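Go ahead and model the full structure; you've got the sequences and the hints to work with.
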Amino acid sequence: MPADLRLLESANLRAQEAALTGESDSVEKSTAEIRAAGELALGDRRNMAYMGTTVTYGRGAGVVVATGMRTELGRIAHLLQAAPSEPTPLQRRLDQVGRTLAALRVAIAGAISAVGLVRGEALVDVFLTGVSVAVAVVPEGLPAVVTITLALGARRMLARNALIRKLPAVETLGSVTTICSDKTGTLTENRMTVTVLDVAGHRIDLEEETTAQGRARLDLRSPAHDAPEGSLALLLIGGALCNDARLASDRDGDGDGLLHAVGDPTEGALVVAAAKVGLVKDELDASKPRVAEIPFDSERKRMTTVHDLGSSRQGAVRELVTALCPSAARLAVTKGSVDGLLELSSHVWVDGRLEPLDEGYRARIERAVHDLAANGMRVLGVAMRPLEPLPAVLDASAVERELTFVGLAGIIDPPRAEARDAVARCKQAGIRPVMITGDHPLTALFIARELGIADAGARGVTGADLAATGDAELDRMVESVPVFARVSPEHKLRIVEALKRRGHVVAMTGDGVNDAPALKSADIGVAMGITGSDVSKEAANMVLRDDDFATIVAAVEEGRVIFDNLRKFVRFSLAGNVGKVVVMLLGVLVGMPTPLLPLQLLWLNLLTDGLLGIGLGVEPAERDVMRRKPFPPGAGMFGGGGVAQIAGMGSLIAAISVTLGAVHFLAGNPDWQTMMFTTLAFCQVWQALGTRSGADSLLHAGLGSNKPMLALSAAVVALQLGAVYLPVLRDFLRTSPLAPADLLTCVAASSLVLAYAELEKVWLGRRTAVSVRDVARVW
527 MPADLRLLES
537 ANLRAQEAAL
547 TGESDSVEKS
557 TAEIRAAGEL
567 ALGDRRNMAY
577 MGTTVTYGRG
587 AGVVVATGMR
597 TELGRIAHLL
607 QAAPSEPTPL
617 QRRLDQVGRT
627 LAALRVAIAG
637 AISAVGLVRG
647 EALVDVFLTG
657 VSVAVAVVPE
667 GLPAVVTITL
677 ALGARRMLAR
687 NALIRKLPAV
697 ETLGSVTTIC
707 SDKTGTLTEN
717 RMTVTVLDVA
727 GHRIDLEEET
737 TAQGRARLDL
747 RSPAHDAPEG
757 SLALLLIGGA
767 LCNDARLASD
777 RDGDGDGLLH
787 AVGDPTEGAL
797 VVAAAKVGLV
807 KDELDASKPR
817 VAEIPFDSER
827 KRMTTVHDLG
837 SSRQGAVREL
847 VTALCPSAAR
857 LAVTKGSVDG
867 LLELSSHVWV
877 DGRLEPLDEG
887 YRARIERAVH
897 DLAANGMRVL
907 GVAMRPLEPL
917 PAVLDASAVE
927 RELTFVGLAG
937 IIDPPRAEAR
947 DAVARCKQAG
957 IRPVMITGDH
967 PLTALFIARE
977 LGIADAGARG
987 VTGADLAATG
997 DAELDRMVES
1007 VPVFARVSPE
1017 HKLRIVEALK
1027 RRGHVVAMTG
1037 DGVNDAPALK
1047 SADIGVAMGI
1057 TGSDVSKEAA
1067 NMVLRDDDFA
1077 TIVAAVEEGR
1087 VIFDNLRKFV
1097 RFSLAGNVGK
1107 VVVMLLGVLV
1117 GMPTPLLPLQ
1127 LLWLNLLTDG
1137 LLGIGLGVEP
1147 AERDVMRRKP
1157 FPPGAGMFGG
1167 GGVAQIAGMG
1177 SLIAAISVTL
1187 GAVHFLAGNP
1197 DWQTMMFTTL
1207 AFCQVWQALG
1217 TRSGADSLLH
1227 AGLGSNKPML
1237 ALSAAVVALQ
1247 LGAVYLPVLR
1257 DFLRTSPLAP
1267 ADLLTCVAAS
1277 SLVLAYAELE
1287 KVWLGRRTAV
1297 SVRDVARVW
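The sequence shown begins at 527 in this note's numbering and counts up one residue at a time.
Treat the hints as calculated values from the structure; they're not laboratory data.
Please note: incorrect hints may appear among the correct ones.
[What the hints assert, rightly or not] Listed next, with one range per pair, are the computed distances between beta-carbon atoms:
hint, residue 1, residue 2, range
1, Gly996, Arg816, 26 to 36 Å
2, Met1003, His1226, 22 to 32 Å
3, Ala1237, Leu1125, 23 to 33 Å
4, Gly624, Leu1247, 28 to 38 Å
5, Gln954, Met1003, 17 to 27 Å
[As the list claims (entries may be wrong)] With a straight-line Cα cutoff of 20 Å, these simulated SDA-like cross-link-like pairs (lysine to any residue) come out:
hint, residue 1, residue 2
6, Lys953, Arg1028
7, Lys1233, Asp770
8, Lys1155, Gly1136
9, Lys1287, Arg1153
10, Lys1094, Leu1285
Bear in mind that the values here come from a model prediction, so they are computed numbers and not experimental data.
Glycine residues also receive a C-beta, built at the ideal position from the N, C-alpha and C atoms.
The structure is reproduced here in structure tokens:
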């Protein structure tokens, strides 16, 4: 922390102490110091201020050193505003489809209009036909189908605890190639439990006692362990005093005196561990009240509290104070990263006596930290220092020095059982999970290996490594590193940007205010619904209501289903439109009158693109949806042979309709145009049923697996029959009633479309199998 801000903090702490003593002169003096320090900090750093704070009770004096966009919150807001809002993969693909269709409809409408003029048709008829064909090229139902499909997908995701805040993100999830996830609470249960207490020469294991919901429940009338003595007691007392968690009554209980921890899960674990041996935080706070504190800081990775000893100098605390400073009236307790505490400690407490912290003790402590971290535990150390008198400047540099290291606690946070399966599904689906955490690298690697994120020989990268790494090296690093540990929110942003530069579609999790820029920069920002801040939720595309990694994977699956359905609809609609346009061209070229009237073309488009398109939009997931790689971010709706499929199906629909119409036209059947009109409608019904699945046959997929599609198909058939047999619609669409034999001919001829769709799946499957065998032989 800069010197001027340390001075401001020190003045603030002295004001707190003066307020506690009730000395008005001291309060006025401290207030003046705060004002002077604030002016100094403002003079040198007009773009810097503390994070937002909510005052709930008490009295105090404050100095405004910056406002608005010049505060730290303002800086984050500026980062959020500066982050570009890039189009989603779906928006890019639909833009591509729109540009392609715009060019096609102008060319095709112009060609048909030119042919009509050459044939000497009336200018009005040529104009209406050209406009109708131009309209027929465009799938009018696309906006409605896309919106309905995305909305229904968002509803399904909500049922799976994923709240979608921005609708296009529903489909973007299906293109995700990398999921960057936090560890605590997302990949793990966020059920912190102290299982190991380690001091010089002593180590004990505590039992893990939890309910079915994973919450520690305590009965203070019967402690789980006997009260320890010496260093172990001092360690537990320090962990409970330097702590903002508390014990509260268990409302789920039946009034039997059970308690549970409320607050930060890590701090709660220390409070529970002390209570298990009869050292209750409320009683410790009453006997050694907190008079000042230096809050936790992510750079220092520790916090310090100062306690008034009064007359409560019993047991282990008395021994420590007597050994260090018998006249001390206060005790400073520091809790945090063991590495940082060792740098600030000069002694170690061993069996009730003070020993210099030499290389032997240092090596033993570091070895204990390494062993616990390698077994997946979060490790926190506790150190103490008697204070008499209080330093003139109560800041970190004055208090956190010449400490006596007491011991360390190993805290386990078990991996979520469902996270293992979720990670396996990610890898099966071609998605790479990456762990990003602030924990010790060994702890992170242990959990990552347990879940399958990292292999046995994988290495982790720390925030210090990232700070010393340039962008070019980071771009290469993010392709292979599975674990980033001891990272800050700024590092998350760099990792996201590096992955995006490598062409990945990135989902990033976060919960803090500082995570907001990374969440907004990611293709899919995922905020935690339980532990996340309002700012992170506002910046995110999706909010996890259960903070569970498995929910992200479930949302990715839904996203893939939605993209598959949208692609099926686009191909279905364009193939049908190609068929209609080719019918118009061929009919004119072979010398027939205009095959379809403008109103008939519009009727077919509304009937098929609208109703049948919605049916395709609610198609359930195919069996291989999570057993294939994500679609490349740059791939369009026509990738993977889409153009050939559209052209083949459209040509078949046109050939069936034109052949049927030409035969009956030449035979002198006056209903030939109505037969072509009806055949085109039935062709698209069979086409919709045949293209429901890209790999499975209609019978294998199950006729009843998509009941809305069956109902909508029946509705299309009924409406088309109404267009042929109801007088009102006949007059409007200029059709004629078909004889039963002609109607059956239309049904039989159009059913060839279903046969073609089923044979195409068989051929594509065989072609894929041969290709795989050929590749295997080469390798």
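Margin query: Against the range 17 to 27 Å, how does the distance between the Cβ atoms of Gln954 and Met1003 compare: consistent or not?
Written below: Distance hint for Gln954, Met1003 holds at roughly 25 Å.
With a cut-off of 20 Å on the C-alpha distance, tell me whether Lys1155 and Gly1136 pass. 30 Å, violated
Query raised in the report: Between Gly624 and Leu1247, does the C-beta distance stay in 28 to 38 Å?
Result: The hinted range 28 to 38 Å holds for Gly624 and Leu1247, with Cβ atoms some 34 Å apart.
Discussion item. Check the hint pairing Lys1233 with Asp770 against an upper bound of 20 Å on the C-alpha distance.
Written reply: 55 Å, violated
Between Lys1094 and Leu1285, does the CA-CA distance stay at or below 20 Å? 17 Å, holds
Item checked: Outcome for the supplied range 23 to 33 Å, where the beta carbon pair is Ala1237 and Leu1125 -> Holds - the Cβ-Cβ distance for Ala1237 and Leu1125, about 26 Å, lies within 23 to 33 Å.
Distance restraint between Lys953 and Arg1028, which requires alpha-carbon spacing of 20 Å or less: Holds, because 19 Å separates the two Cα atoms, which is no more than 20 Å.
key: Lys1287 paired with Arg1153 [C-alpha distance capped at 20 Å]   = Given pair Lys1287, Arg1153 holds - Cα atoms ~18 Å apart, limit 20 Å.
| Is the gap between the beta carbons of Met1003 and His1226 within 22 to 32 Å? | 45 Å, violated
**Prompt:** Do the beta carbons of Gly996 and Arg816 sit within 26 to 36 Å of each other?
**Reply:** 45 Å, violated
In this structure, the earlier hints numbered 1, 2, 7 and 8 are contradicted, and the remaining ones agree with it.
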